[in-house]
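Sequences listed follow chains A and B, in order.
With the first letter of the first sequence counted as 1, position 50 gets the number 50 in UniProt numbering; the numbers rise by one all the way through.
With the first letter of the second sequence counted as 1, position 146 gets the number 146 in UniProt numbering; the numbers rise by one all the way through.
Calculated directly from the structure, the hints in this document are not laboratory data.
Predicted, not measured: the structure shown is a model, and the values here were computed from it.
C-beta: ideal position from N, C-alpha, C; glycine also.
Hints may contain errors.
Said to hold, decoys possible - Residues of chain A placed beyond 10 Å of chain B at every Cβ, according to the derived structure:
1) K6
2) I7
3) T18
4) L19
5) I26
6) L72
7) P110
8) L203
9) S239
10) P250
11) L253
12) V277
Claimed, not checked - Taking lysine-lysine and the DSS-like style, the derived pairs with C-alpha atoms no more than 25 Å apart in a straight line are:
13) A:K236 x B:K32
14) B:K342 x A:K292
15) B:K342 x A:K147
16) A:K236 x A:K113
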Amino acid sequence: MAGLAKIILQRLLLGIATLFAVSIIIFVAVNALPGDFAQSILGQGATPESVAAIREQLGLNEGPVTRYLKWLVAAIQGDLGVPMSQALFQSFTGSSTGGDVITVFEQIVPRLKNTLFLAGVSAAISVPLAVTLGILTALYRNTAFDKAMNVTTLSAISSPEFFLAYILILFLAVLNPVFPSLSNIFPGMEFSDRLNKTMLPALTLTLAVTAQMMRMTRAAIINLLASPYIEMARLKGLSPMRVIVKHALPNALAPIITVVALNLAYLVTGVVVVEVVFVYPGIGQLFVDSVKIRDIPVVQACCLIFAAVYILLNLTADILSIISNPRLRHPK
Amino acid sequence: MNALIWIVGGVLLLLALGWAFRFAAQKLTGNKPYFRDMPLGVAFGYVFAAAALLFSVWYFFQPQAVNDIPQPGVIFFRWAVIGLLGFAAASWLFRTVFRNVGSEGSKKLFRSMPLTAAFGIMIIIAYAFVSIFAGFIAPYGQEEILGSANVVAGGNPALGGNPEFPLGTDQIGRDILSRLIYGAQNTVGIAFVTTCLAFLLGGTLGFLAAVLGGWLDQLLSRMVDALMAIPSLIFSLLLMTIATAWAGSEAWLVTVYMIFIIAVIDSTRVFRLSRAVGQSIVVMDYIEAAKLRGEGMGYLIFREILPNALAPLLAEFGLRFCFVFLTIASLSFLGVGIQPPKADWGTMVRDLSQFINFAAFAPNVAVTPLLAAGAIALLTVAVNFVVDWMLHKSSGLKE
């Protein structure tokens, strides 16, 4: 087991190094903004004095390396700065209102929770559905059922999310009012009510990721069907269902787990468009809004969080596939 | 709760029918092995499919309007079924024609082609035609503001339509049909240029890394690793923020920056593939021979490696094009992609999306945003069908 711990530690360090590199990329990208950050906060009509004051306040007079390190250290401690919209407000009122300022961190945390809830609901629907359908299509491969599922899933994968979202709105919200088409979630809501309002965005995401997982499950199982031990199980006279569930599935588990983790990573980042369509108050919506008004601190922070979650889930996929595969667990 | 009872009851009824169907078939066929060994699940599947088919046929022939009130469910269902059957018939016809016309090679190709791949090829050709000749096909200009705004699709004056604008006009009076046609030119054209750029960049660097190896390979690979650790849509949104700041008030510059941003982000994936393919080719004997002949780097990459790497790169080109196309459509849908007044499908979906709420009493109004979104989906589905078929063919998978 010592070998396993070492491998996992290696991967973790690699993940942290990647995150570090990503933070540099984000910092460099943001610093490629034309002109001056202070200038862009204050707008065209700013006097040189106020620009200088803001520069002093934000520490823009220091060198890029110092600023990067300060930003990184603050971000690790959970201090992601103040949204530009708030800074703008302050400069208009001419007062530092102190306690009233909402920091980026306070803005992001409740929305991140909403997004994770949405991703969790869609994962809870899509993973069992995908594995079941994958087993069924592998069992009845090359039948009309399999071919119909193939065409359906391929279409679902390749359609843009907003198309799926509007189709669902049309049929489940407008023509048959089953679920509300706007997801106005607020704190202190009852769970059932919240679930009801999250349902349409969750179903859209489910459509988008189930197809991929299902196809991978099917492929992983079918890959194994040519193995001699499956042949043996068949010749013993076991039913096809039993051969697949008891003999093929356990060995196909490793690729299935990997593809599930990868699709969860997709879920967390693919929420952006879906959240915008359903006006779901998650981090994706915040990100797009901030991109439109060029609120750099928020954009920076959201980007970092998305990247961190993405790296974390990819890392999980990596580690799980090592754990579930003995050949990788004991490398020569 | 009521719905749940209905669903459970329906499943139980279908299960009972499935059992009866199997029992009857066993008796009628004298216990043929197929029916004797049929699991109940399969019998259920047959009965379920039959019930769904019966219901569809029944629903299709329901009246489209009761007491002059349109039944939107029936109308949308009819459009969907007619569209599906129409496309299937068209692609069958397309395949049949090309099975009998053309060279021996193409005839053979079409003979073994599944219907989905024929559908894909037909759609791709149609889109290419429309986007190249958009200026001749479109009845009006893409930025032309015509007299009447909010004309309903369908061209029926009684429903608020106008025969001059078969798909209606938008909120400020631009012809939607013309904008859809020009959208093919803008959206598909820009996605195509972006993909080509991504392949040029990623392919060249990937082959270079494979041929030269050493520190250049290490440097490029680690850079690509870091870039790929950021989800691509998030990264492109971040860079688009900066690009819009750079572009200032020049809307067309935003589009140019977008092409470069997406090309660079997507070139990382191309780099990975072309490096891997290139590495397996570089160790071949004929590369060694070319090197000993004293050929230069350009000759090695373009005359020796590229021709041998063409097949996997071509399939990748189709998939990359889909990704790029969807990314551009999503960016435009979010409002930071292709800038107005140029017609573009993503932007059209966003601008027209409110009309969907009128579906319950005016189906013709609600269809316009779906047309733009459907135009995007149709192309990506078509490309994916073709790529799927190509991969299936080249991998030689039989089971």
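*Numbers of the earlier hints that this structure fails to satisfy, in rising order*: Structure breaks hints 3, 4, 5, 9, 12, 15 and 16.
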